[in-house]
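Please model the entire structure based on the sequences and the hints provided.
Going by full-length UniProt numbering, the letters in the sequence shown line up with residues 1 to 240, in that order.
Pairs of lysine-lysine, DSBU-like flavour, derived with a Cα cap of 30 Å: (1) Lys182 - Lys223; (2) Lys217 - Lys206; (3) Lys60 - Lys223; (4) Lys182 - Lys70; (5) Lys70 - Lys223.
Derived DEER-like restraints, expressed as beta-carbon distance ranges: (6) Asp159 - Ser213: 25 to 33 Å; (7) Glu66 - Met25: 43 to 51 Å; (8) Lys37 - Asp159: 22 to 30 Å; (9) Ser188 - Gly140: 39 to 47 Å; (10) Glu69 - Trp18: 34 to 42 Å; (11) Asn56 - Glu8: 15 to 23 Å.
Bear in mind the hints are in silico, worked out from the structure with no lab data behind them.
We put the CB at the ideal spot given by N, CA and C, even for glycine.
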Amino acid sequence: MWPEGMPESASVQAILDWQRRTMEMMYTDISKVLQRKGMLDRTHPTDYLTFLCLGNCESKKVGEYEPEEKPEPNSDYGRAQQARRFMIYVHSKMMIVDDEYIIVGSANINQRSMDGARDTEIAMGAYQPKHLTTMEPARGQVYGFRLALWYEHLRQFEDLFETPESVDCIRQVNALAERNWKLFSDNSFVGDLPAHLLRYPVEITKLGDVTTSEENKHFPDTKAPVLGTKSDYLPFILTT
Numbered sequence: 001m002w003p004e005g006m007p008e009s010a011s012v013q014a015i016l017d018w019q020r021r022t023m024e025m026m027y028t029d030i031s032k033v034l035q036r037k038g039m040l041d042r043t044h045p046t047d048y049l050t051f052l053c054l055g056n057c058e059s060k061k062v063g064e065y066e067p068e069e070k071p072e073p074n075s076d077y078g079r080a081q082q083a084r085r086f087m088i089y090v091h092s093k094m095m096i097v098d099d100e101y102i103i104v105g106s107a108n109i110n111q112r113s114m115d116g117a118r119d120t121e122i123a124m125g126a127y128q129p130k131h132l133t134t135m136e137p138a139r140g141q142v143y144g145f146r147l148a149l150w151y152e153h154l155r156q157f158e159d160l161f162e163t164p165e166s167v168d169c170i171r172q173v174n175a176l177a178e179r180n181w182k183l184f185s186d187n188s189f190v191g192d193l194p195a196h197l198l199r200y201p202v203e204i205t206k207l208g209d210v211t212t213s214e215e216n217k218h219f220p221d222t223k224a225p226v227l228g229t230k231s232d233y234l235p236f237i238l239t240t
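Right under this line is the structure:
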């Protein structure tokens, strides 16, 4: 949901501000294309680009471990412990393209990862040539792995998932992620979250503007604005 660090800190808020600007740039471009094609009346930018995140809620189990030291009152950690919800932080990066090609690794496209003399990074790419020699969609292990991941995080399988490029598929994924986010962010919800894939808590207009609703102005259990805030003193090189 947010970069590593305290979500209210100036550095994380500056990164979230740049993230919002980047999302708005992409959605605005999509909206302009849909307008030129005369499609904006029946489609939405989120039919072609969607942002999701991972989170979980856990019900209290009998006999579960409880730390001897309690978190500070009214802290992010304390509120999260009380609500029993948390984001799932994954440092690795992965991309699956058309169920044909997969790239997975640890590297970021930034100065620190690509400097050559700083962080040690690794990544690999893989594909199966025999599944790319016909006009039929690829149905190899990359495809199977993608479906397994979707099932892991959505906890269900639908025939629509066979065609992830379709508008119907992305709308269904968005609907499931919206349901999961509403449960995750509901302060009265008690129990185990049925699935981990959540809608990122922003609202997208048809023209591509990125806003947030009144109930989602801050990340759950924090005082951190979802859209970030512009830093007046951190240089761009530290947050981009």
